[in-house]
Amino acid sequence: MAEELLRLTGIHKSFAGVRALRGVDLTIEQGRIHCLVGENGCGKSTLIKIIAGVYKRDAGEIILNGKRYDDLTPIDAIREGIQVIYQDFSLFPNLTVAENIALNEELAEGRRLVSWRHVHRVARDALAQLGENIPLDARVEEMSVANKQLIAIAKALRQNARLIIMDEPTSALTGREVRALFGVIRKLQEQQGIAFLFVSHKLNEVLEISETMIVMRNGKIVSSGERAEYDSARLIFEMTGRRIAEKSYDFTPDDGQPPLLQVEGLNAAGLLHEISFELRAGEILGVTGLLGSGRTELALALYGMLPMDSGRIVIDGQEVTIRSVQDAIRHGIGYVPEDRLTEGLFLEQSISRNLVVRIIDRLRNGWQMIQPERVSQQVAHWVDALSIKTPDPELPVKTLSGGNQQRVVLAKWLASKPRLMILNGPTVGVDVGSKEELHEMMKQLAREGMGLLVISDDIPELLQTCNRILLMRQGRISEEIRPKETNENELSAKLVEE
Amino acid sequence: MEPNVTTETSSPKSSRRSNRFSLHNDTLRLLIIAVLLFVGFSIVLPGKFLSVRNLQSMAVQFPEFGILTFAIMITMLTGGIDLSIVGAANLSAIVAAMILTRLGMPSGVTIPLAILAALLVGTLCGLFNGFLVSRIGITPILATLGTGAIYTGLSFVLTGGPAITTTQLAFIGNGTILGAPIPVLVFIVLALAFVVILNRMSFGFNVYMLGTNPTAALFSGINSDSVLMRTYWLAGLVAGIAGIIFLGRANSAKPDFGSSFILLTVLIAILGGVSYTGGFGTVAGVVLAVLSIQFLSTGLNMLMLQLFGSSAAIFFRQFAWGALLLLVMVINYYTEKRRNRAIVEE
Chain A
15 MAEELLRLTG IHKSFAGVRA LRGVDLTIEQ GRIHCLVGEN GCGKSTLIKI IAGVYKRDAG
75 EIILNGKRYD DLTPIDAIRE GIQVIYQDFS LFPNLTVAEN IALNEELAEG RRLVSWRHVH
135 RVARDALAQL GENIPLDARV EEMSVANKQL IAIAKALRQN ARLIIMDEPT SALTGREVRA
195 LFGVIRKLQE QQGIAFLFVS HKLNEVLEIS ETMIVMRNGK IVSSGERAEY DSARLIFEMT
255 GRRIAEKSYD FTPDDGQPPL LQVEGLNAAG LLHEISFELR AGEILGVTGL LGSGRTELAL
315 ALYGMLPMDS GRIVIDGQEV TIRSVQDAIR HGIGYVPEDR LTEGLFLEQS ISRNLVVRII
375 DRLRNGWQMI QPERVSQQVA HWVDALSIKT PDPELPVKTL SGGNQQRVVL AKWLASKPRL
435 MILNGPTVGV DVGSKEELHE MMKQLAREGM GLLVISDDIP ELLQTCNRIL LMRQGRISEE
495 IRPKETNENE LSAKLVEE
Chain B
-6 MEPNVTTETS SPKSSRRSNR FSLHNDTLRL LIIAVLLFVG FSIVLPGKFL SVRNLQSMAV
54 QFPEFGILTF AIMITMLTGG IDLSIVGAAN LSAIVAAMIL TRLGMPSGVT IPLAILAALL
114 VGTLCGLFNG FLVSRIGITP ILATLGTGAI YTGLSFVLTG GPAITTTQLA FIGNGTILGA
174 PIPVLVFIVL ALAFVVILNR MSFGFNVYML GTNPTAALFS GINSDSVLMR TYWLAGLVAG
234 IAGIIFLGRA NSAKPDFGSS FILLTVLIAI LGGVSYTGGF GTVAGVVLAV LSIQFLSTGL
294 NMLMLQLFGS SAAIFFRQFA WGALLLLVMV INYYTEKRRN RAIVEE
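Keeping their order, the protein sequence lines are chains A and B.
FYI, my numbering numbers position 271 of the first sequence as 285, with every residue one higher than the one before it.
FYI, my numbering numbers position 126 of the second sequence as 119, with every residue one higher than the one before it.
Think of the hints as simulated: they come from the structure by calculation, not from any bench.
Check the hints yourself; a few may be wrong.
[Claimed, not checked] In silico BS3-like pairs for lysine-lysine, Cα to Cα no more than 27 Å straight-line:
| hint | chain 1 | residue 1 | chain 2 | residue 2 |
| --- | --- | --- | --- | --- |
| 1 | A | K412 | A | K216 |
| 2 | A | K508 | A | K261 |
| 3 | A | K403 | A | K431 |
| 4 | A | K403 | B | K330 |
| 5 | A | K412 | B | K330 |
| 6 | A | K216 | A | K201 |
So here's chain A without its partners, still in its complex pose (with noise of 0.2 Å):
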């Protein structure tokens, strides 16, 4: 077994009353991958803080290399090899890369005079060590993430990381670039025996690099072991406490039935070409494809906020025109949209009203007053219908959680009784239990005869809940897959193939 790096006996941390952790014991052992995994709220960032020195413990032992440590500082920690990389890289933006690489270094050395060719040679060899090529003098601010969390990297280098924790690193990066960051830790851990503590909440990848999986939540650590013992269905049991079992959606058309839409030859503003699909009532037909493939324009395009060129949208067997939102509703077509907070949802205003917004009329009297018992009624359903927790619906929709907010953008358009509702993101930033209850609601509302069109790139999500799938590339449908037929890895491959 591997020696020890850090041990964490009995961790307690309040914030004002509420117990972020309680009681975590944890330990690091020299140049191994950790995966600490765990849904929102479980206590992860807590955790980092204090191994970081930034938060000081309620209770519990800290012991550091061998060294126990009443009051960790964060000097102590680094001093002891622990390098945090947080989702914002602590860079700064208008400084060179050389100069975010060195500059620690050259504070710490005390120099008056910055030796810019030791500020060079210091950036380039902590560069070379990760195998990877920037340009030393370019300015951070204009660098890729993927770039910035290399930089980042490297800075935690120079400083003789024994211990390098990410927060969050792959959730600003395509599906190459984490590869390629897999790389690069792998190299670190094999060439300089360096460990890393790796806090995801994106299962599949967690899987790939773990070697050792911590798994937390509330506030404690409820599993731990080798990677050999974990799968998918066991993390997200551990991280939520519930054996979710999610099965694939079936659906058997009923072919005597005209398809709920039909799409033909849709091309629009330059964006979209040729696009020619069916969707019947009961089916979840996926879209996939990277950025800027066109998804989410197909979306707008039904939607009636991008116009159409030419290509004929059939609803029941009748060819209907989209010219608006107003239009797209008339036909009984609902959208979540992609950015819940800007889109989806009027975040000041009360959970209710934003529960109504679509059926306010329908809730008025003969005088076209709109009847407050009525809307009261409503909005006691949805909350009910959808478990919206909240202890009072008139609260702003801010204050909800992620998943919480996402219920009721699906609420607003459930009230309303769309027959096809176009699904973009449904899930991003939606913790692992609410996420499964999402899915769930979908497959009911399908088995209901509504019609879903499901736009992601949450690979397994799409596996889970949709019959078919159409990828898009470069605005096009360049294939349609059957989820039983293929599996996440070819699917994930095919999505980034060029």
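Given the coordinates of chain A, work out where chain B should sit on it, guided by the hints.
Quick look at chain B alone, frame taken from chain A:
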């Protein structure tokens, strides 16, 4: 007396609950301000402020700008503003005055005709604003700054400069129904109408939603063009009504009447809790702010007269209003910040 245990234990809970209904808190705060101003001036100016004569004089003064405040309010709720309302009100008054003085028909015909014409002119002004804002997409503040100048300019062209005098509408300006001055009654009717429009009609609901987030409104299928068109039309109509009151009170219509009303109405709306970014604000808040400003303005005037023997307060008032507007916005900024923190901690 028995110690009441239940009250003690339930009090922290109820205070937390009232935090959530911050809307009512704001209204309560405004009510307290209005009452304090009224009581304060009554004490400082014994026998003067709290006198039948002064109450009557205040009652016919505040509807002039009070009515216009509703026009500003509804445009601000959508996240816009209408700076042309005073211009539109004057143009309405001038067209009405011209019908009354130049048509040469019996007043039984010209009075209803003049009132209808004023409402029509207000409507047209409002629809033109609505067209520029919703269909052409000009920022409301610029669009209405421009149309306001056009409406005032048209008034000058129509009159050639001097005021048009007529006393035919004096019965509106000075008349009473059951002891209540007609301008006050008009103000009350409009206030009630706005309560119904904003709280019980889907148009009003959509005004709040559009003002909160235009993008989400678009995605939710709210027809913003139609909501904006109706909002500015309504503001114009209210300006037309204000024009009739102007004419009835002043017995003359002139192109540059009430030029300070724009700043004043914006101040009142902000003081009354209408968010200048849109989406929030109540009729109750605006009404209380109208009353507070009237008390403040009359009270200061009397105080100046008493202290310095002159009415230099006219000049000081302009300064005081500007300063008050900034002060209220600073206070709002900090209360909003505190409220957000409270929500996050909860």
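Subject >> Numbers of the earlier hints that this structure fails to satisfy, in rising order >> reply: none
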